[in-house]
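Trainee: Hey, can you work out the whole structure from these sequences and the hints?
Number of protein chains: 2
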Amino acid sequence: MRGTMMDYPLTLIHILERVGKLFPEVDVLSRLPDRSLHRYTYADFYRRARALAEALQKSGLRRGDRVATLMWNHYAHLEAYYGIPAAGGVTHTLNLRLAPQDIAYIANHAADRFLIVDDILLPLYEKLKNSTQFERVIVVPLTAEPVGPGFENYEEFISASSGQFDYPNLEENEAASMCYTSGTTGRPKGVVFTHRSVVLHTLIETTADNFAISHNDVLLPVVSMFHVNGWGLPFSAALTGCKLVLPGPHLDAESLLELMETQNVTVAAGVPTVWLNVIENLEKNPGRWKLLPMRVLVGGAAPPVALIRKLDQYGIRLIQGWGLTESSPEATTNQLKAYMQSWSDEEKYAVTAMAGIPTPLTELRIVSEDGEVPRDGKTMGEIQLRGAWVASSYYNLPEEKNKWTDDGWLRTGDVGVLDQHGYLKVADRTKDLVKSGGEWISSLDLENALVAHPDVREAAVIAVSHPKWQERPVAFIVAKDGAQPAPKELREFLADKFAKWQVPDAFVFVDELPHTSTGKLLKTELRRRCQDWKWET
Amino acid sequence: MRGTMMDYPLTLIHILERVGKLFPEVDVLSRLPDRSLHRYTYADFYRRARALAEALQKSGLRRGDRVATLMWNHYAHLEAYYGIPAAGGVTHTLNLRLAPQDIAYIANHAADRFLIVDDILLPLYEKLKNSTQFERVIVVPLTAEPVGPGFENYEEFISASSGQFDYPNLEENEAASMCYTSGTTGRPKGVVFTHRSVVLHTLIETTADNFAISHNDVLLPVVSMFHVNGWGLPFSAALTGCKLVLPGPHLDAESLLELMETQNVTVAAGVPTVWLNVIENLEKNPGRWKLLPMRVLVGGAAPPVALIRKLDQYGIRLIQGWGLTESSPEATTNQLKAYMQSWSDEEKYAVTAMAGIPTPLTELRIVSEDGEVPRDGKTMGEIQLRGAWVASSYYNLPEEKNKWTDDGWLRTGDVGVLDQHGYLKVADRTKDLVKSGGEWISSLDLENALVAHPDVREAAVIAVSHPKWQERPVAFIVAKDGAQPAPKELREFLADKFAKWQVPDAFVFVDELPHTSTGKLLKTELRRRCQDWKWET
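Going down the list, the sequences are from chains A and B. So the first sequence is residues 1 to 537, counted in our numbering. So the second sequence is residues 538 to 1074, counted in our numbering.
Any given hint could turn out to be false.
FRET-style restraints, in silico, Cβ to Cβ [what the hints assert, rightly or not]:
| no. | chain 1 | residue 1 | chain 2 | residue 2 | range |
| --- | --- | --- | --- | --- | --- |
| 1 | B | Ser699 | A | Gly377 | 26 to 36 Å |
| 2 | A | Tyr339 | B | Asp789 | 27 to 37 Å |
| 3 | B | Ser699 | A | Arg528 | 50 to 60 Å |
| 4 | A | Gly377 | B | Thr680 | 39 to 49 Å |
| 5 | B | Pro686 | A | Asp406 | 48 to 58 Å |
Simulated from the structure, these hints should not be mistaken for laboratory data. Computed from a predicted model, the values in this text were never measured in an experiment. Note that beta-carbon positions come from the ideal geometry of N, C-alpha and C, so glycine has one too.
Mentor: Quick look at the structure:
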């Protein structure tokens, strides 16, 4: 028996129309390359996003065609987020931190027809120009520099619009945007998000038990808009009509703190490294910035408990999310359950440091060789996902079907455990676990413990092959400015938290650690450095 | 171009599985007929709802078959809300406040196969037994009375389950539940909600800018579960895993206040009359009940500003929603926009008394004879809706297609205006407007103003035909205990808020006003009383 409900597709056009009609007066701020603030309202955004849609259609964009963006977080990128799908196209965000040949590979694999690029990123575009065939290259003039020959000026491109754009009749399962996984191993792989999956993901981010994005918020997404739809936050902002603060290319802690203070930011989002830097700046400059009580959404890597505690001291509540490009990305969110509210701080921090519970419309299971693992807080297995915004394949890569189980779950490649409350703890990437003498050691646990040491700024633990134990952990340490912790001291610091055999055998002190373009530790590089490691005997 | 996302249907099975797995330890409380509290957890609920699904299938329930419920708000009704759809059936909630012949008409029109009925409602069932043909009548034993011959005992019915129930593979557009409009005019008409529409509506109720239902809440739905899915709250409760307090048949203010205090209720929901009674009890018994800061969700009729103010004084924030059975019901929610937070109390209360802005996934327009009305706060027209949980037809009533416009919007039959901020103010039902000398007078505005008078408990204004003005307003007044306001006094009280020609010509003092079974003023009855009205000349 069918219901009597309307057939109402979930599309980004709804969000665009909603913010244009209900929140036209709300500000959208963007930091420009010269550090000045570009300020307009959702009314301007609405007009210009529709103008972009009209201009793209007039330029021959057909339903489903890909339009690439090579841009920082700012108003024009926001317009692209809506204008391209509203025209029936697919926004393909290119990751500007990748090597030029990888960007070119990705643009070619997706068969992107047009490119919208920031003027300050033209030097990067020049490096991939010869390996790509964009039909049109539309340049956003963020600086006073004139747009050169061979390019179209974004402002001129959208200025020809009539204002009378008619949306196509989109179905909700049509593609809205796509993003390639940053790929610590192998070739980048494309995930294609649908209008439906984006709208549902957006609704979840605005629910009270997830990020609770509200029109009373002032939202600062530090996470790049070229990375998994900017964690969906540019959509949550418009759905709720909250004030949006986009940091442009200035992602250093001082620039961010200045925006947080002057714009009264109430919620911000980024990888742990961003907040480690923010804390370091707050500690170095007591009283310099006056911040409102804030919450920060953290993903991309597990935040150490020490970071959560310190943020708390500054009135900043950390909310952890976990997921991957293939899950749009939000698969779990960490909020305390009601009965945990009365627990001790210690116990609450321990929960907050985990990845949380699956969001509504997401299902999660952990599978070991013996089947689904029990909720015992210790049995590890591969984390697998199923849900309304989880990918079921990669774009044009049928040979990658091994990434899914026979019964249709995504194999994330992450290893984790579930505690008795149903909270996920991500132990490691499968390949990052240390297998020592038949036992597994979690490098993440060691890293989290190490950064709690007052002299340690950042830590990375990898497995190095060992003649007797198969593998043993080696820790790379970035000390805080001026500090020189001794290996013996660090070993003692870990002694009461870990079994003796779990403590790293060696500590390597470095000035900085290698990261991927999305802020994750690049352990492959550390492993490379240790290829010829000789253990002291 | 299709996306690469999983095909993941939105069904109530997801909510049931989620609460069973993630929130098994949370309490669900039900007030029984003898006033004692029935207490169990979502783990029990989960097991029993699945047992009900299995028992229904074993009893021959086929996909899409209707199972009627004739029940108060309690654990077994909650089990029916999930167990019936999880078996592939359709929950058809019967309104126990209707006349027996209307209930029978509705059950027959929907072709309900089975009935689940509270034992204390068997006297009502006896009155409709001869006009209906339920194949099975399953009685929920809420009291110690044995279940008589000819009936099945609900507890025995579900006790035979194996615990190994396999869900059917539901599509999201299949029917999950149905409800007939209470019908102030004409025959009741059925609305059939789909799994998809219910899940989407549930997500919206949990968003920060709507009801923000959270697992940290303790939720008391006073609104009956036989009325539009209990405003969806039994679904929001399970999706978030919040503690649920169900009041059973005891809906008097004292019983409710006692539950609010002892169960630490943080959010409750019901029609304005409920809260008027609650306030009267709080005022009569200062200090008797200690309540947590609460929010109350109010719908079904517009709450007067005076009520909003008084609730505020007790730390209770009123959130207004507006909608109808045909919109599941939530179509608008009233929360202040960010820039209104700095307004004066006076201005904020004026906004809070309106119906609010459309929820995400709902669109609203107001249409007069001249087309869509401007946002000027004064041009009235019919409120029309479109959205993801708005009905597109009535069940088996193709002749009622006049209820929808040619371009597919629901004609609500309510008249309203939009202010410059996009907020809806419901002026009246079309038929409740007073047309005096070519001008329209809003009876709702007059009623709201009248209940602000210290001696007035409730007020209803209707149009009475008039030889000169076509129609003139007549006010029915229920005075507060012991008070005897004079018409002259009330007229003066209205004088500074209304034009002289808008003030009622007559005041009729009564002990109580007639209400529909869902708490709305039954103006048809008042009009009937005024059929032979003679104006003083």
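Trainee: If a hint holds in the structure, say so; if it doesn't, say that too.
Mentor: Tested hints:
{"no.": "1", "hint": "B:Ser699 x A:Gly377: 26 to 36 Å", "result": "31 Å, holds"}
{"no.": "2", "hint": "A:Tyr339 x B:Asp789: 27 to 37 Å", "result": "31 Å, holds"}
{"no.": "3", "hint": "B:Ser699 x A:Arg528: 50 to 60 Å", "result": "56 Å, holds"}
{"no.": "4", "hint": "A:Gly377 x B:Thr680: 39 to 49 Å", "result": "44 Å, holds"}
{"no.": "5", "hint": "B:Pro686 x A:Asp406: 48 to 58 Å", "result": "52 Å, holds"}
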